[in-house]
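Once you've looked at the hints, dock chain F with the ligand against the given chain Z.
Now for the letters of each chain:
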Amino acid sequence: MATAVKKKTAEDLPEKVHVWPYLVRLEFLCALIVIVGLTVWSIVVDAPLEEAANPTKTPNPSKAPWYFLGLQDILVYFDPWFAGVVAPVLIIVGLMLIPYLDVNPKGNGYYTYAERKLAIWVYSFGFIVLWIALIIMGVFLRGPGWNLFMPWQYWDPHKVVALVNVDLPYAFGFRDYWNSAMFGGAVVLGYFGLGTAGYMFLERKAIKSVGILRMLLKINLMLIMMGIVIKIVLRLAFNIKYVLVTPWFNI
Amino acid sequence: MANKPKIPNIAEIMADIKSGKIWSDLAKKFTESQIWTSSFRHGYADTPRNRVLQIASNVWLHLHPVKIHRHALRIKFTWCMGGITFLLFLSTVVTGVILMFYYRPVGEYAYFDMKYLQYDVPFGMLMRNMHRWAAHAMVITVWLHMFRVFLTGSYKPPREFNWVIGVFLVTFTLLLSFTGYLLPWDQLAMWAVTVGTNMARGTPFLGHEGPFQEYVPLISPRYDARSVLLGGSLVGPPALLRFYVLHCIFIPLVAGALMIVHFWRIRKDGGISGPL
Ligand code: HEM
Chain Z
825 MATAVKKKTA EDLPEKVHVW PYLVRLEFLC ALIVIVGLTV WSIVVDAPLE EAANPTKTPN
885 PSKAPWYFLG LQDILVYFDP WFAGVVAPVL IIVGLMLIPY LDVNPKGNGY YTYAERKLAI
945 WVYSFGFIVL WIALIIMGVF LRGPGWNLFM PWQYWDPHKV VALVNVDLPY AFGFRDYWNS
1005 AMFGGAVVLG YFGLGTAGYM FLERKAIKSV GILRMLLKIN LMLIMMGIVI KIVLRLAFNI
1065 KYVLVTPWFN I
Chain F
5 MANKPKIPNI AEIMADIKSG KIWSDLAKKF TESQIWTSSF RHGYADTPRN RVLQIASNVW
65 LHLHPVKIHR HALRIKFTWC MGGITFLLFL STVVTGVILM FYYRPVGEYA YFDMKYLQYD
125 VPFGMLMRNM HRWAAHAMVI TVWLHMFRVF LTGSYKPPRE FNWVIGVFLV TFTLLLSFTG
185 YLLPWDQLAM WAVTVGTNMA RGTPFLGHEG PFQEYVPLIS PRYDARSVLL GGSLVGPPAL
245 LRFYVLHCIF IPLVAGALMI VHFWRIRKDG GISGPL
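In the order they appear, the protein sequences are chains Z and F.
So our numbering is basically just the index in the first sequence, starting at one, shifted up by 824.
So our numbering is basically just the index in the second sequence, starting at one, shifted up by 4.
Chain Z with its partners taken away, still in its complex shape (with noise of 0.2 Å):
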């Protein structure tokens, strides 16, 4: 009577298996957890409603919906024109670039992190510290002001923060304005343009088979997304506002 049963595994069934019952059972089962616990949640936690909207009364700190703000909190560091527009337009762009940027064949269908460690890399920062982690910042730290409060300081609506920051070309002794123009232009465009001939240098073998287009888009996307910590890591650290002014737009 010791023999053992056999634990059944998914590794016992033919390679192909009937949709009924194996899967539909499971979609059934997951189905029945899903809606059993949505309606234990919403019989136990009501949904807001506040007081009734009043447009001469806005409230401190005015928050977006919580899966914007990250969006909102980079406006920190951005004009709206950016923040609110054109990023949201690159990252809706750049994701359904990604399939054809990305002509690593191999890690198609299976979990792996060794053949594809750049792009893992890429898009788990991109997603869990730009969006999730900012979005968590945004959701618990950010008070009135929309400055920073850790979770046990008091929401001081009178909280006075210094205005210290200036822009990049002033740091660097530029005073005339069209010079300052000038010298932000350069840093802007010097930034893409050797980070993009970097890249295409030390990736020239690949030239041939990825494709001039594919791997110009690609390293241009990248800086883009590189260049958004830049910025914010220019403003914590040395209270840089803005790199480039002109009559038009400011980045």
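These are calculated hints, taken from the structure and not from any lab test.
Since the structure is predicted, the reported quantities are computational estimates derived from the model, not experimental observations.
Keep in mind that a hint or two might mislead.
In silico BS3-like links for lysine-lysine, alpha-carbon gap of 30 Å or less [claimed, not checked]: (1) 930(Z) with 71(F); (2) 119(F) with 887(Z); (3) 10(F) with 25(F); (4) 80(F) with 930(Z); (5) 840(Z) with 272(F).
Across the chosen pairs, the derived CB separations fall in these ranges [as the list claims (entries may be wrong)]: (6) 12(F) with 853(Z): 28 to 38 Å; (7) 12(F) with 960(Z): 52 to 62 Å; (8) 245(F) with 948(Z): 33 to 43 Å; (9) 935(Z) with 65(F): 21 to 31 Å; (10) 935(Z) with 267(F): 19 to 29 Å; (11) 169(F) with 948(Z): 17 to 27 Å; (12) 9(F) with 935(Z): 54 to 64 Å.
Note that the Cβ used here is the ideal one computed from N, Cα and C, for glycine as well.
Structure of chain F with the ligand alone, referenced to chain Z:
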């Protein structure tokens, strides 16, 4: 001697439990009872042919192929997130229709309809809660679904286009949630949507505070990208109506159509991706 009832011993019972025989014995007792046999005219014969027919001749189930790779069953592979996203979407459709019976998207009424729903309509609060939490949960599950599709490299050929449809779907999921956010017409709603739509002022060329707007004739606070969204220069009753129509009609239709294409493409692309 022959009629003496057999007394089972403990060891035999334990053996039956261990081997699972006890369940088939129980099932037999049920399915051979008079109540069962009089209710169901015949049993279900578990033959390959019947397994195929269960899927192929059922209008709801035939969304599935009749056979799949066994690896597609592994929760560890799919996290079940696409399916859960779809289920949550269906939950919002059902509860949303019920909410629509009681809600009027009019500046004077909207907020009080919410109060009425919460305090007077039987199960109104529960319907509202389920609608809202399912919508929020859907945002999270769709992100997780996308993350797993990325991690398994399932966007690679031949599934590139289904990823593109997916990006449209995640965008519409967010827009669906965002347009719904305004409808309670409370402070939370009005100011979140004010903050969100203020961004459109900065649209290059088309927003009245955006770069290069000075070169586009007619752009003003009253006529720009933002006022098209809001039907005015601030979040007022016209915006409420606009968001209501987008939320209840336009976006669900578009998202629903895209989901149909999404599911169809999964099958045309050879089912769930897997190591080959
Ligand atoms: C409303 C939103 C969505 C719904 C209801 C949905 C539903 C599903 C379902 C049920 C599957 C089957 C496998 C699974 O459950 O993982 C699937 C697969 C897939 N989805 Fe989605 N999806 C949605 C959004 C997205 C998004 C945002 C993306 C990516 C940007 C995406 C890309 C894919 C791809 C490429 C597959 C095939 C995966 C494979 O073959 O392994 N979907 N989707």
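Status of each hint after checking the structure:
1. Only pairs whose Cα atoms come within 30 Å are accepted, and residue 930(Z) paired with residue 71(F) is accepted, the gap being roughly 26 Å.
2. The straight-line distance between the Cα atoms of residue 119(F) and residue 887(Z) is roughly 23 Å, inside the 30 Å bound, and the hint therefore holds.
3. Taken as a hint, the residue 10(F) and residue 25(F) pair is honoured in the structure, with Cα atoms around 18 Å apart against an allowance of 30 Å.
4. A distance of roughly 20 Å separates the Cα atoms of residue 80(F) and residue 930(Z); the hinted pair therefore holds under the 30 Å criterion.
5. Using a Cα cut-off of 30 Å, the hinted pair residue 840(Z) and residue 272(F) holds, with the two alpha carbons roughly 17 Å apart.
6. The hinted window of 28 to 38 Å between residue 12(F) and residue 853(Z) holds, with their beta carbons roughly 33 Å apart.
7. In this structure the hint that residue 12(F) and residue 960(Z) lie 52 to 62 Å apart at CB holds, the actual value being about 60 Å.
8. Range check, residue 245(F) to residue 948(Z): Cβ separation about 41 Å, and the 33 to 43 Å hint holds.
9. Between residue 935(Z) and residue 65(F) the CB atoms are about 29 Å apart, so this pair conforms to the stated range of 21 to 31 Å.
10. Between residue 935(Z) and residue 267(F) the CB atoms are about 23 Å apart, so this pair conforms to the stated range of 19 to 29 Å.
11. At roughly 23 Å, the beta carbons of residue 169(F) and residue 948(Z) sit within the given window of 17 to 27 Å.
12. For the pair residue 9(F) and residue 935(Z), the supplied restraint of 54 to 64 Å holds, since their beta-carbon distance comes to about 58 Å.
The structure shown violates none of the earlier numbered hints.
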